[in-house]
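**Q** Make the full structure from the sequences, and use the hints.
Numbering-wise, the sequence shown is residues 77 to 656 according to this note's numbering.
Think of the hints as simulated: they come from the structure by calculation, not from any bench. In this text, a Cβ means the ideal position worked out from N, Cα and C, and glycines have one as well. Please note that the accuracy of each hint is not assured.
Said to hold, decoys possible - Under the rule of at most 27 Å between Cα atoms (straight-line distance), these lysine-lysine pairs were calculated in the DSS-like manner: (1) K95 <-> K185; (2) K258 <-> K212; (3) K622 <-> K555; (4) K258 <-> K184; (5) K119 <-> K185.
To be verified - Derived CB-CB ranges, DEER-like: (6) H158 <-> R381: 47 to 53 Å; (7) S266 <-> V152: 37 to 43 Å; (8) W374 <-> A202: 54 to 60 Å; (9) S521 <-> Q188: 52 to 58 Å; (10) Q529 <-> G506: 29 to 35 Å.
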Amino acid sequence: MNAHRILLLSNVRPSRAWKVVNRIARELAGAEVHGIVQRPLQKLPVEQQWIAAGRTDRPALAVRLLSRANLWLQTVLKRLMHFALWWVHGIPGNLPGATQFTIGELAKKCGQVGWPFLLAENLNDARVVEFVRQQKPELAILLGHLPLSPELLAVPARGWIRVCQSAVERDGTNAEEGHEIKIEYLARDSDTVFTMARLTLPFEAYDGLAGSTLKADLIADDLLVETAVGLQTGSQAEVCKAVAEWLQRIFLPYLRQLRPVPIKTRPDTPRPSRFRPSWKLCLDTLLLCSPFVVGRNWYRRWCARYPVLILTHHLVSDRPHRLAISTEFFWQQVLFLQRHYRIVSLSEAVELLASREVQAPTVVLTFDDGYGDNFVSLRAVAEETGVPVALFIATQPVQTHQEFQHDLAAGIRGALPLTWDQIRYWSLRGAEFGSHTRTHFDCGSTDRTTLEQEMIGSRNDLESHLAKPVEFFAFPFGKYENMSSEAVKVATSTYQHFASSVGGENLHGRAAGHQHLFRKNLYADPWELELGLQSVFDMVDNIKRKLHRRRAESSFPGEPSTARALTISTSRSPELKVSS
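**A** Shown next, in the form of structure tokens:
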């Protein structure tokens, strides 16, 4: 089947429709997009409307608890806060922002690439049928479940692919258990609907409306593209078998570890915990708004010397886990970052540092260890927002597909790593992968042989599976005590760049080649995240160290060496300072 002329009918948010047709244009050899028909935003399913608006609230709850006046006040306060942060950052330009992808934006982009576009409330309208006939598609795709008229079904020469998503109820109850995702194929002049693929995505403990929808949409789009690719050359039966085998390799390892939690019994998603009390954060915010920080940022804007800030986290998941942030909260964090920072890939960050010109506050998102939940939860947010991510993989748990040892030591079971098939699939679609040793080894060791087995061996593992060079390494645990001088030598000789987790900013001109990349914690709470990104916590720690040193010196008058000895534990390793 050579389905080269593709047409899309969309009953989903405009951003998803745009991403799907672009994936089809990229991944289907010889495919040409010959039109998009989009329903108005207000006619879409509620969850699609709320994701398009960048909101996670459940509509019924919002209407019940918040009056229009309160909603208006919230909006005004958020705008004032965003303007204040923009001013504190030095009013940088060149920021793409977290703007809503509207239907107008979809129409504009279609016009730029020459794809016909039609906005229609009723997809069975005579105007839609005529539009579809004019495009003469060989294969048509319906995103979102809607009944289609016989006139419309008869147009595409090779038939229709239909993406259906619905809530699944537990037998004998009214409790929703998950999303059912189906890919259906209807050949022209046939009354038989052929189910090409079907799976159920269980609701997890901390799933929200937006988070569960983002994940279900991601899986549905993956299945759609895989089905469309197969139908280019195979029969219905052949494609059905091939997609089932693909599901087994790509998604079954993720689905096996999930335990469905009925929606009526799920606990509320806990808000991200803070590491500091609110009163301390208020004092830190005064420092954020101080002339020193504001002046520093304006100077950086004037000289195009903004830092490149590399954030590190571990896991995006809607299951309880000590290292996890939920899909919805991570999505909101990314939307915040997109509004005030430029988010780039790790490779692009290195290029920016080498260019000696960083014109906007810049952030990189990295994730350590290689948890399997990231393949759906993290990837769903990355796909929706278009942000690049880098993952540092401990290769032995991937090879054996067993839990990480540090999870088992903490009594946590069931959080399995990625598989090699998932890593390859994600890598081919833009994610960057780096090394994180083989066994999540503490590189504070001075045993050169073991260090080489762990650090060089993990690179060899990744390169053999990805078939491309691996240039980045991140030290497990990432503090100075976890990076012996021998380990730094191995990292320096093996990788183009290595990353720690000691905090700090990456500024061009500070270190030749920027081989040592400094990473900050990706705080789950947005207040702490902004203060951490602006190095306010580092400033507070420096002030505390100076006060401690002064107190120590005053306690030992005439004995400065003793005072220095009391504070030497706060200084950085000289060997690592040279390496950075």
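**Q** The structure should be examined with respect to each hint, and the outcome stated for every one.
**A** Consistency of the hints with the structure:
no., hint, in the structure
1, K95 <-> K185, "holds, 11 Å"
2, K258 <-> K212, "holds, 26 Å"
3, K622 <-> K555, "holds, 21 Å"
4, K258 <-> K184, "violated, 31 Å"
5, K119 <-> K185, "holds, 21 Å"
6, H158 <-> R381: 47 to 53 Å, "violated, 24 Å"
7, S266 <-> V152: 37 to 43 Å, "violated, 55 Å"
8, W374 <-> A202: 54 to 60 Å, "holds, 59 Å"
9, S521 <-> Q188: 52 to 58 Å, "holds, 55 Å"
10, Q529 <-> G506: 29 to 35 Å, "holds, 31 Å"
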